[in-house]
Amino acid sequence: SQTIHQWPATLVQPVGSPLSLECTVEGTSNPNLYWYRQAAGRGLQLLFYSVGIGQISSEVPQNLSASRPQDRQFILSSKKLLLSDSGFYLCAWSRGEGQPQHFGDGTRLSIL
Amino acid sequence: GESVGLHLPTLSVQEGDNSIINCAYSNSASDYFIWYKQESGKGPQFIIDIRSNMDKRQGQRVTVLLNKTVKHLSLQIAATQPGDSAVYFCAEWGGSQGNLIFGKGTKLSVKP
Chain A
27 SQTIHQWPAT LVQPVGSPLS LECTVEGTSN PNLYWYRQAA GRGLQLLFYS VGIGQISSEV
87 PQNLSASRPQ DRQFILSSKK LLLSDSGFYL CAWSRGEGQP QHFGDGTRLS IL
Chain B
733 GESVGLHLPT LSVQEGDNSI INCAYSNSAS DYFIWYKQES GKGPQFIIDI RSNMDKRQGQ
793 RVTVLLNKTV KHLSLQIAAT QPGDSAVYFC AEWGGSQGNL IFGKGTKLSV KP
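Keeping their order, the protein sequence lines are chains A and B. With the first letter of the first sequence counted as 1, position 18 gets the number 44 in my numbering; the numbers rise by one all the way through. With the first letter of the second sequence counted as 1, position 46 gets the number 778 in my numbering; the numbers rise by one all the way through.
Among these hints, one or two may not hold up.
Stated by the list, open to error - DEER-style ranges, computed between Cβ atoms:
id, chain 1, residue 1, chain 2, residue 2, range
1, B, Asn-831, A, Lys-106, 25 to 31 Å
2, A, Gly-42, B, Ala-810, 50 to 56 Å
3, B, Lys-774, A, Ser-55, 21 to 27 Å
4, B, Lys-843, A, Asn-56, 42 to 48 Å
5, B, Gln-792, A, Leu-37, 31 to 37 Å
Source of the hints: derived by calculation from the structure; they are not laboratory data. All C-beta atoms, glycine included, are put in the ideal place defined by N, C-alpha and C.
Please construct the entire structure, taking both the sequences and the accompanying hints into account.
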């Protein structure tokens, strides 16, 4: 069966510090991969998605970036965090477009 | 513009009763819909999906109904249990790669 792992589960970072969140998927190959952010009491906002190694599409312009160095690895990064970057970050995978997306358990990011 | 919304932000039901969670969508071109359950501190969990060529789909204790005429989606949970307490999201796929649009969610509380 397929599994998705995100880490860390929680993270507290100072403003201006860098960020690296990692997501890996097991049990499938060539998945579509997604990064979402969820603000408290709100729905999910798609940040980035990838249909293959090295292919990244950005949905929202911001100071975050994503990379996919390996087939089943998706990384969310920032060079300098802002207060507004606080939130719950979720990684997801799917077999393709128009297919269910399956989520990891997220990273709670707090910026101080 | 495209939007997915919910009629009720909170729903409280008695254990054993049936629950109905509603969702409205505005993009008549959307052809795939998903219901997710999100427990506190966790990522959304896939419950059930339906494509636009169907009106109804049943799973274990859950049924999704799709009314394309009025662009309305509902999730019915039979014999609601305390473990069903969570936030439920509907999601709409408009046909664009990665473009899964989520509603804000309905919080379901089950009273023992």
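So, going through the hints one by one against the coordinates:
1. Asn-831 of chain B and Lys-106 of chain A have their C-beta atoms about 29 Å apart, which keeps the hinted 25 to 31 Å range intact.
2. Between Gly-42 of chain A and Ala-810 of chain B the C-beta distance comes to about 51 Å, which sits within the given range of 50 to 56 Å.
3. Judged by the Cβ atoms, the range 21 to 27 Å given for Lys-774 of chain B and Ser-55 of chain A holds: they are separated by roughly 26 Å.
4. Lys-843 of chain B and Asn-56 of chain A have their C-beta atoms about 45 Å apart, which keeps the hinted 42 to 48 Å range intact.
5. Checked against the hint of 31 to 37 Å, the pair Gln-792 of chain B and Leu-37 of chain A passes, with Cβ atoms roughly 36 Å apart.
Checked against the numbered hints above, the structure breaks none of them.
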